Amino acid sequence: MRRGLSWSVAMLIAVATPVAAQHTAHVNSLVRLRAGPGEEYRLAGEANAGNPVTVYGCLETGRWCDVRGPDTRGWMPAQAIVSGRGAVAKAVPKLTFALDAYWGAHYQGREWTAESERALWRAHVPGDSPSLDMMAPSDAPQAGVPTIAKRLKAQTRSENERVQGERAEIDRAARNRYDADRRDDKIQGCERSGGQDSTVQGCISNARSDYDRSVRERETR
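Taking mature numbering (1 follows the signal peptide of the UniProt record, and there is no 0), I'd label the letters of the sequence shown as residues -21 to -1, 1 to 200.
Hints were generated in silico from the structure; no laboratory data involved.
Here the structure is a predicted model, which is why all the values come from computation and not from measurement.
Careful, some of the hints might be misleading.
Think about it this way: if two alpha-carbon atoms lie no more than 16 Å apart in a straight line, the pair counts; the simulated EDC-like pairs of lysine to aspartate or glutamate are [what the hints assert, rightly or not]: (1) K69 <-> E39; (2) K165 <-> D189; (3) K73 <-> E39; (4) K165 <-> D191.
Derived CB-CB ranges, DEER-like [as the list claims (entries may be wrong)]: (5) R195 <-> R42: 49 to 55 Å; (6) E94 <-> Q1: 29 to 35 Å; (7) H5 <-> V142: 21 to 27 Å; (8) T51 <-> R156: 16 to 22 Å; (9) G63 <-> Q134: 36 to 42 Å.
By construction, the Cβ of each residue, glycine as well, lies at the ideal position given by its N, Cα and C atoms.
Using the sequences plus the hints, can you model the full thing?
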(Lines of atoms letter the chains of each structure in order from A and count residues from 1; the text may use other names and numbers.)
(Lines give C-alpha, C1' and ligand atoms only; values in the text may rest on other atoms or scores of the structure.)
Protein backbone atom coordinates (compact mmCIF):
# COMPACT_ATOMS: atom_id res chain seq x y z
CA MET A 1 0.00 0.00 0.00
CA ARG A 2 2.79 2.39 0.94
CA ARG A 3 4.61 1.60 -2.29
CA GLY A 4 1.45 2.32 -4.29
CA LEU A 5 1.02 5.61 -2.45
CA SER A 6 4.63 6.62 -3.16
CA TRP A 7 4.15 5.86 -6.84
CA SER A 8 1.02 8.04 -6.91
CA VAL A 9 2.90 10.92 -5.29
CA ALA A 10 5.71 10.59 -7.84
CA MET A 11 3.19 10.72 -10.65
CA LEU A 12 1.68 13.88 -9.19
CA ILE A 13 5.05 15.56 -8.83
CA ALA A 14 6.18 14.74 -12.35
CA VAL A 15 3.09 15.02 -14.51
CA ALA A 16 0.11 16.58 -12.73
CA THR A 17 0.83 20.23 -12.01
CA PRO A 18 -2.36 22.15 -11.11
CA VAL A 19 -3.84 24.24 -13.89
CA ALA A 20 -3.46 27.40 -11.82
CA ALA A 21 0.29 26.86 -11.68
CA GLN A 22 0.70 26.67 -15.45
CA HIS A 23 2.43 29.61 -17.06
CA THR A 24 2.17 30.80 -20.66
CA ALA A 25 5.36 32.02 -22.33
CA HIS A 26 7.12 31.80 -25.69
CA VAL A 27 10.51 30.68 -26.96
CA ASN A 28 13.20 33.07 -28.16
CA SER A 29 14.85 30.85 -30.77
CA LEU A 30 14.63 27.45 -32.43
CA VAL A 31 14.82 24.98 -29.55
CA ARG A 32 14.52 21.22 -29.24
CA LEU A 33 12.21 19.58 -26.73
CA ARG A 34 13.83 16.62 -25.00
CA ALA A 35 12.31 13.58 -23.34
CA GLY A 36 14.10 14.54 -20.13
CA PRO A 37 15.88 17.50 -18.56
CA GLY A 38 19.14 17.36 -20.51
CA GLU A 39 20.54 17.59 -24.04
CA GLU A 40 21.42 13.90 -23.93
CA TYR A 41 17.78 12.75 -23.78
CA ARG A 42 15.75 11.71 -26.80
CA LEU A 43 14.55 14.44 -29.16
CA ALA A 44 10.79 14.70 -28.59
CA GLY A 45 9.94 17.74 -30.73
CA GLU A 46 10.87 21.30 -31.66
CA ALA A 47 9.61 24.83 -31.13
CA ASN A 48 10.44 27.81 -33.31
CA ALA A 49 11.18 31.36 -32.19
CA GLY A 50 7.94 33.02 -31.12
CA ASN A 51 6.02 29.78 -30.57
CA PRO A 52 3.89 29.89 -27.41
CA VAL A 53 4.55 27.24 -24.77
CA THR A 54 2.80 26.24 -21.58
CA VAL A 55 5.30 25.90 -18.73
CA TYR A 56 4.33 23.42 -16.00
CA GLY A 57 7.40 23.85 -13.83
CA CYS A 58 11.19 23.79 -13.73
CA LEU A 59 13.84 21.77 -11.94
CA GLU A 60 15.16 23.05 -8.63
CA THR A 61 18.30 24.20 -10.48
CA GLY A 62 16.14 26.38 -12.74
CA ARG A 63 17.99 25.18 -15.84
CA TRP A 64 15.35 22.94 -17.45
CA CYS A 65 11.58 23.32 -17.61
CA ASP A 66 8.71 20.96 -18.42
CA VAL A 67 6.61 22.51 -21.22
CA ARG A 68 3.90 21.84 -23.75
CA GLY A 69 5.22 22.92 -27.15
CA PRO A 70 3.40 23.25 -30.48
CA ASP A 71 2.97 19.51 -30.90
CA THR A 72 4.27 17.65 -27.87
CA ARG A 73 5.23 17.74 -24.20
CA GLY A 74 8.91 17.83 -23.27
CA TRP A 75 11.77 19.57 -21.51
CA MET A 76 13.63 22.63 -22.77
CA PRO A 77 16.33 24.91 -21.36
CA ALA A 78 14.89 27.70 -19.23
CA GLN A 79 17.09 30.23 -21.02
CA ALA A 80 15.12 29.57 -24.24
CA ILE A 81 11.83 30.59 -22.58
CA VAL A 82 10.71 34.24 -22.53
CA SER A 83 8.12 35.38 -20.02
CA GLY A 84 6.59 38.78 -19.32
CA ARG A 85 7.03 38.07 -15.60
CA GLY A 86 10.80 37.83 -15.68
CA ALA A 87 12.77 34.61 -15.19
CA VAL A 88 10.29 31.82 -15.87
CA ALA A 89 11.96 29.44 -13.40
CA LYS A 90 10.96 31.79 -10.56
CA ALA A 91 7.33 32.04 -11.69
CA VAL A 92 6.47 28.33 -11.83
CA PRO A 93 6.57 25.37 -9.43
CA LYS A 94 9.73 23.35 -8.80
CA LEU A 95 9.54 19.84 -10.25
CA THR A 96 11.45 16.60 -10.01
CA PHE A 97 11.82 14.27 -12.98
CA ALA A 98 10.54 10.68 -12.73
CA LEU A 99 11.35 8.98 -16.01
CA ASP A 100 8.85 6.11 -15.94
CA ALA A 101 5.96 8.32 -14.87
CA TYR A 102 6.77 11.06 -17.38
CA TRP A 103 7.39 8.78 -20.36
CA GLY A 104 4.31 6.74 -19.51
CA ALA A 105 2.12 9.84 -19.40
CA HIS A 106 3.43 11.62 -22.51
CA TYR A 107 5.24 9.19 -24.81
CA GLN A 108 3.20 6.02 -24.53
CA GLY A 109 3.56 3.89 -27.66
CA ARG A 110 6.77 5.41 -28.96
CA GLU A 111 9.34 2.77 -29.80
CA TRP A 112 12.04 4.25 -27.62
CA THR A 113 9.90 4.04 -24.47
CA ALA A 114 10.27 0.26 -24.50
CA GLU A 115 11.68 -1.36 -21.38
CA SER A 116 15.06 -2.05 -23.01
CA GLU A 117 15.68 1.67 -23.41
CA ARG A 118 14.12 2.81 -20.16
CA ALA A 119 16.66 0.64 -18.38
CA LEU A 120 19.44 2.80 -19.86
CA TRP A 121 18.04 5.97 -18.34
CA ARG A 122 16.62 5.06 -14.93
CA ALA A 123 19.94 5.46 -13.13
CA HIS A 124 21.03 8.36 -15.32
CA VAL A 125 21.79 11.72 -13.69
CA PRO A 126 20.39 14.53 -15.88
CA GLY A 127 23.19 16.56 -17.37
CA ASP A 128 25.64 13.65 -17.61
CA SER A 129 25.93 12.37 -21.15
CA PRO A 130 25.73 8.57 -21.24
CA SER A 131 28.61 7.03 -23.12
CA LEU A 132 27.87 5.41 -26.46
CA ASP A 133 29.54 2.24 -25.23
CA MET A 134 27.04 2.06 -22.36
CA MET A 135 24.18 2.19 -24.86
CA ALA A 136 25.57 -0.69 -26.90
CA PRO A 137 29.04 -2.05 -26.09
CA SER A 138 29.84 -3.30 -29.58
CA ASP A 139 29.45 -2.21 -33.20
CA ALA A 140 29.97 -5.75 -34.48
CA PRO A 141 27.26 -6.83 -36.96
CA GLN A 142 24.73 -9.27 -35.61
CA ALA A 143 21.98 -11.26 -37.24
CA GLY A 144 18.41 -10.11 -36.89
CA VAL A 145 16.87 -6.74 -36.13
CA PRO A 146 19.21 -4.28 -34.33
CA THR A 147 18.33 -3.68 -30.69
CA ILE A 148 16.87 -0.35 -29.61
CA ALA A 149 20.13 0.31 -27.76
CA LYS A 150 22.15 -0.12 -30.95
CA ARG A 151 19.79 2.08 -32.94
CA LEU A 152 19.97 4.68 -30.20
CA LYS A 153 23.76 4.51 -30.31
CA ALA A 154 23.78 5.04 -34.09
CA GLN A 155 21.27 7.88 -33.88
CA THR A 156 23.18 9.55 -31.06
CA ARG A 157 26.45 9.34 -32.99
CA SER A 158 24.75 10.73 -36.09
CA GLU A 159 23.23 13.62 -34.13
CA ASN A 160 26.57 14.37 -32.44
CA GLU A 161 28.30 14.49 -35.82
CA ARG A 162 25.57 16.77 -37.22
CA VAL A 163 25.81 19.15 -34.26
CA GLN A 164 29.61 19.23 -34.52
CA GLY A 165 29.32 19.99 -38.23
CA GLU A 166 26.86 22.83 -37.56
CA ARG A 167 29.14 24.30 -34.91
CA ALA A 168 32.17 24.05 -37.24
CA GLU A 169 30.22 25.84 -39.98
CA ILE A 170 29.19 28.61 -37.60
CA ASP A 171 32.80 28.94 -36.44
CA ARG A 172 34.07 29.15 -40.04
CA ALA A 173 31.50 31.81 -40.91
CA ALA A 174 32.45 33.86 -37.84
CA ARG A 175 36.16 33.64 -38.67
CA ASN A 176 35.47 34.57 -42.28
CA ARG A 177 33.58 37.67 -41.13
CA TYR A 178 36.45 38.57 -38.81
CA ASP A 179 39.00 38.19 -41.62
CA ALA A 180 36.77 40.18 -43.99
CA ASP A 181 36.68 43.05 -41.48
CA ARG A 182 40.47 42.94 -41.19
CA ARG A 183 40.79 42.92 -44.98
CA ASP A 184 38.54 45.97 -45.28
CA ASP A 185 40.52 47.78 -42.58
CA LYS A 186 43.76 47.05 -44.42
CA ILE A 187 42.30 48.26 -47.71
CA GLN A 188 41.15 51.49 -46.10
CA GLY A 189 44.64 51.93 -44.65
CA CYS A 190 46.12 51.38 -48.08
CA GLU A 191 43.84 54.01 -49.60
CA ARG A 192 44.67 56.53 -46.87
CA SER A 193 48.41 55.96 -47.12
CA GLY A 194 48.85 58.61 -49.84
CA GLY A 195 51.37 56.48 -51.71
CA GLN A 196 51.71 56.08 -55.44
CA ASP A 197 48.85 54.39 -57.26
CA SER A 198 50.90 51.27 -57.96
CA THR A 199 51.89 51.00 -54.30
CA VAL A 200 48.31 51.48 -53.13
CA GLN A 201 47.02 48.90 -55.60
CA GLY A 202 49.71 46.44 -54.52
CA CYS A 203 48.76 46.97 -50.87
CA ILE A 204 45.08 46.37 -51.66
CA SER A 205 45.91 43.29 -53.72
CA ASN A 206 47.95 41.83 -50.84
CA ALA A 207 45.08 42.45 -48.39
CA ARG A 208 42.63 40.64 -50.65
CA SER A 209 45.06 37.78 -51.31
CA ASP A 210 45.64 37.28 -47.58
CA TYR A 211 41.88 37.09 -47.01
CA ASP A 212 41.30 34.65 -49.89
CA ARG A 213 44.14 32.42 -48.66
CA SER A 214 42.74 32.33 -45.11
CA VAL A 215 39.28 31.35 -46.41
CA ARG A 216 40.70 28.60 -48.66
CA GLU A 217 42.79 27.14 -45.84
CA ARG A 218 39.78 27.13 -43.53
CA GLU A 219 37.57 25.39 -46.10
CA THR A 220 40.10 22.57 -46.61
CA ARG A 221 40.48 21.70 -42.91
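* To do: Please flag the earlier hints that this structure goes against, numbers listed from lowest up.
  => Going through the list in order, the structure violates hints 5 and 8 and respects the others.
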